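Keeping the supplied structure of chain A fixed, place chain B upon it in accordance with the hints.
Number of protein chains: 2
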Amino acid sequence: MPHSCAPSSQCPVVRLLSRYVPALDWGLHYNPHDLVGDVMAGTIVAVMLIPQGMAYAMLAGLPPQVGLYASIVPLLIYALLGTSRALAVGPVAMVSLLVATSLSQVAAPGSPDYWAAALALALMIGLIQVCMGLVRLGFIVNFLSHAVIVGFTNAAALVIGLSQLKHLMGIKIPQSESFFETAHHLAQAAPDSNGVSLGLGLTSLAVLLFFNRHLPQVLSRWGVPPAWIGPVSRGGPLLVVITTIALVGLLNLDSRFGVAIVGDIPRGLPPLTYPPVDLTLWQRLLPTALTISFVGFMESIAVAKSLASKRRQRIDANQELIGLGAANLGAAFTGGYPVTGGFSRSIVNFSAGANTGLASIITAGLVALVVVLFTPLFYNLPQAALAAVILVAVINLLDFRSVGHLWRVSRSDAASLAITFGAVLTLGIEAGIVVGFVASVAFYLWRTSQPHIAEVGRVGDSEHFRNVKRHPVHTCPGVLAIRIDESLYFANSKYLEDYLMQAVAEHPTANALVLICSAINHIDGSALETLEALVDNFREAGVTVYLSEVKGPVMDQLERARFVQHLGGKERIFLSTHQAIAALEQA
Amino acid sequence: MPHSCAPSSQCPVVRLLSRYVPALDWGLHYNPHDLVGDVMAGTIVAVMLIPQGMAYAMLAGLPPQVGLYASIVPLLIYALLGTSRALAVGPVAMVSLLVATSLSQVAAPGSPDYWAAALALALMIGLIQVCMGLVRLGFIVNFLSHAVIVGFTNAAALVIGLSQLKHLMGIKIPQSESFFETAHHLAQAAPDSNGVSLGLGLTSLAVLLFFNRHLPQVLSRWGVPPAWIGPVSRGGPLLVVITTIALVGLLNLDSRFGVAIVGDIPRGLPPLTYPPVDLTLWQRLLPTALTISFVGFMESIAVAKSLASKRRQRIDANQELIGLGAANLGAAFTGGYPVTGGFSRSIVNFSAGANTGLASIITAGLVALVVVLFTPLFYNLPQAALAAVILVAVINLLDFRSVGHLWRVSRSDAASLAITFGAVLTLGIEAGIVVGFVASVAFYLWRTSQPHIAEVGRVGDSEHFRNVKRHPVHTCPGVLAIRIDESLYFANSKYLEDYLMQAVAEHPTANALVLICSAINHIDGSALETLEALVDNFREAGVTVYLSEVKGPVMDQLERARFVQHLGGKERIFLSTHQAIAALEQA
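The listed protein sequences derive, respectively, from chains A and B.
For reference, each letter of the first sequence is one residue, going 0 to 586 in numbering that gives the first Met the number 0.
For reference, each letter of the second sequence is one residue, going 0 to 586 in numbering that gives the first Met the number 0.
Derived from the structure by calculation, the hints contain no laboratory data.
A portion of the hints provided could be inaccurate.
If you anchor each label on the Cβ, the simulated ranges turn out as follows [claimed, not checked]:
(1) A:V467 - B:D398: 32 to 42 Å
(2) B:V13 - A:L397: 58 to 68 Å
(3) B:L126 - A:A189: 46 to 56 Å
(4) B:R465 - A:R135: 41 to 51 Å
(5) B:R465 - A:S461: 54 to 64 Å
(6) B:V38 - A:V467: 38 to 48 Å
(7) A:R135 - B:L426: 26 to 36 Å
(8) A:K550 - B:K171: 51 to 61 Å
(9) B:G403 - A:G541: 51 to 61 Å
The model shown is predicted, which means the values in this text are computed figures rather than measured ones.
Ideal placement from N, C-alpha and C gives every residue a C-beta, glycine not left out.
Bound-form chain A, shown alone (with noise of 0.2 Å):
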């Protein structure tokens, strides 16, 4: 399976080579047209991720280094063995919620073991996802419908901006699990919100708000050359960081105002790290390090895909598990935590013009340069800050269109949603995916359990049979032809039956039964087997059973099963429904 539409190379080694590894695709013919986007792309995406890599690891409970320090080797590990050329990885909003959720139960948030079992965690993630890219799971992740998704993402964007509020308030409350205790928490400590802290965090809430959704309109209009609208409007968050950082500084906000301060951020590049190899902790982890393998590697596909098919190119389900278990890999090694494809960044790394993995690895050098110099200039970061560029990524997350469209599209899809973002709020996040899951198939085989059937009749003199109840048409009293419009499975079988039967009893004249199958795709052992106990009962009622229209597989199907002996021959299967009913009519 070619993995792009790009030449690949002739010599069969690196073919094979480059099945596994992507990079070499474009790496062995790299096009220098493709420099000026990937590096463009890879300095934007560097100054999104900075701030933002602090920030995520602090709703993870980690130290801000360790949000940078999963920004580095990830990406180069992901850059060589993914199949995305515009997937950016690194620490994102979900995965860290979800990581915080887990390790609060296992360790002190802050505490050397807590880092540690977030190290563990990435390596189990790294293992889980290596290992079911191998055996090719990828496929597991299109069982979660959209509306389970959107009902989940909306839910989980709530969580998260929720937890960021106190950092805005700048107040401590209790930890807690449930959505509706935290915010009952909020409303009774807000009397004691810091208000320096809250008037720093709104402040930069506006501006990043302004960046974010008004800024590329102003500067259009005053005539700024769009190739410069991008890369200016991305700047929202270094323009809050370095401005209220400056002004803490100046200020003195910490020790005058108690406003909470990011502090010391050790310098260098990132340390060698052994996750912990501790069975207990292991097994204590393993439903969250499931769920992010899960849902960091559902978030990850959706946007790789999506930003594939716009340039015409392929995206492998396996291999990216297998680049992205591999990036976690890194994690664990280099003193991250779990990390994934974001939605948000690997967007703008698109728009900025990313051709090639190469502007991942220009924004991994990028933030390396940054560990290594500059991580004393962010003592006086204000941790409301960082809440605030938190909140401006949640509130993108949030996603009330799909709502209103998945609603006119379908009541069960709106119901699915419906069910997963209750089960998120009040259950939490991974019994909510379970819950969501589980609704969805229910309602899928509610709908395919009650197939639509119709008993037809002749169109005038034509060869053509429409449903008795919407045309006028007409019947012979002796012979009964009935239309099933879906194939057949243990779900709908008993439908069937009881649909037949109740016809047939309806019809005490009938003593030919046709069943017109030309929408049958496939028939299963249970709906086959309902149907000879059907051929068998109705012969002692004094009525025989003939097909029509039988699919080539499904004609197969009933041979190999011996049901067309069982119907009585050959003979009792005919090509059309009108020769049926014209040879059925004369008998």
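The following block gives chain B in isolation, referenced to the frame of chain A:
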């Protein structure tokens, strides 16, 4: 919905009443011609039921009279409220086994608490089934596939059979949940077998099997009138019971050789009992109550439907739940234990000529007669003979033919069967059903998640389009035509996306993509979202998406979701593939 083809009363009050009391349907217009069949069937079933009732009570760990009590009032109630005219309600093997495994965890077998718990279980099952019937949940039984039922029944037959070997061998072994542990205990205790018990048991078994399998042919060869063959060959259990009682009594086998006998059975009508209302007990019994409500209903409805369809009668699943639930309530208040419609007795009832519920009423009357007058006669009945009665019943439950059949029909059905079978033997009956259900749903989702999709081309100069991989067709480089052979929903929308992305990537010259929707009956929100994203992304990649042969209801859905607008208006949707290709080739 009429329950049968019998002429309904013209009086609206009676018609309404007969919806809730289906017995009115046949009771008010009883046809004297039906009487002979009803009396005959009722008598034969009573002859079967008396030894079976005692044997199944023993299997459930209850005194023998409980099985007889459960064969009186519940039958009368079902005759009034059930919709099947030939269903023989009463104690059955599977339910008795479930009762035994559940009650042995809350009380000692043989103790008064144990019996009280059985009454509580019957009450709970009665309430659950009546409620399910009232809220019309009868459909849920449809979601168990035939493969799961076959796997479950075969495994349960082995479990039941194994549980009877200790009575046949006259030994005592520790109670165990696990099939393999019980087998191990039996093998260990085998040298201590009571030879006389074993001799009685094996001889009974041989006689019963001969009656069951060979007597009908022998009788017919001897020129016995066909009307007599059925009743005589059903008399095996009665013969075994009478003979072994006589042997034990005459030779004092119990005191001389320690043969275990049934002992004292109190004489008199069933007592009025009040099931204990103890919430802790109820909580512990709840999982079993739910399982029996479900399994009992499943066994019952399967045979009821099969028999009804042979006479063009109808079964109402929800009224059946009410009838069976009320029968269980009757059992709870008259010293019985959980009941349901039995498979083999119902077939005997039907083939012996049962025309209406009167047959069941006659059966109940005969059992009552025995309980009032003749229980002392059973004092010397050896337990080994009852075990033989159960063994023959479960041998008939084993269904290897269906195993082979399902294997030929579909590999995934065969896999569901094997998984259910293995899970019941290793994890127990209740967990086994759940595992089997999950496996069958997973296989179904798996199959529908990979729909058949084909690139098609024009056959010669015709208006027909066929799969390019199977037929010699010609395609046009600018137009890619793809036919999708399944409804689209969340589990296959990503597969479709992958397929289309790869197809477009492999056809760099294509600037039009025609999706042929003739086999799509429904599109859910996830699939629509995927299609919208694909339309947008392909547009950016220079490919315009068109649809052809969209069905009416799907078209309505697409319009409601504003997808038509999104696609670029109605002119992007063609009535036929021929029109689409013709128009796009010219462009």
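Consistency of the hints with the structure:
no.	hint	result
1	A:V467 - B:D398: 32 to 42 Å	holds (39 Å)
2	B:V13 - A:L397: 58 to 68 Å	holds (60 Å)
3	B:L126 - A:A189: 46 to 56 Å	holds (49 Å)
4	B:R465 - A:R135: 41 to 51 Å	violated (31 Å)
5	B:R465 - A:S461: 54 to 64 Å	violated (26 Å)
6	B:V38 - A:V467: 38 to 48 Å	holds (43 Å)
7	A:R135 - B:L426: 26 to 36 Å	holds (28 Å)
8	A:K550 - B:K171: 51 to 61 Å	holds (60 Å)
9	B:G403 - A:G541: 51 to 61 Å	violated (31 Å)
The structure fails hints 4, 5, 9 (numbered hints given earlier, in ascending order).
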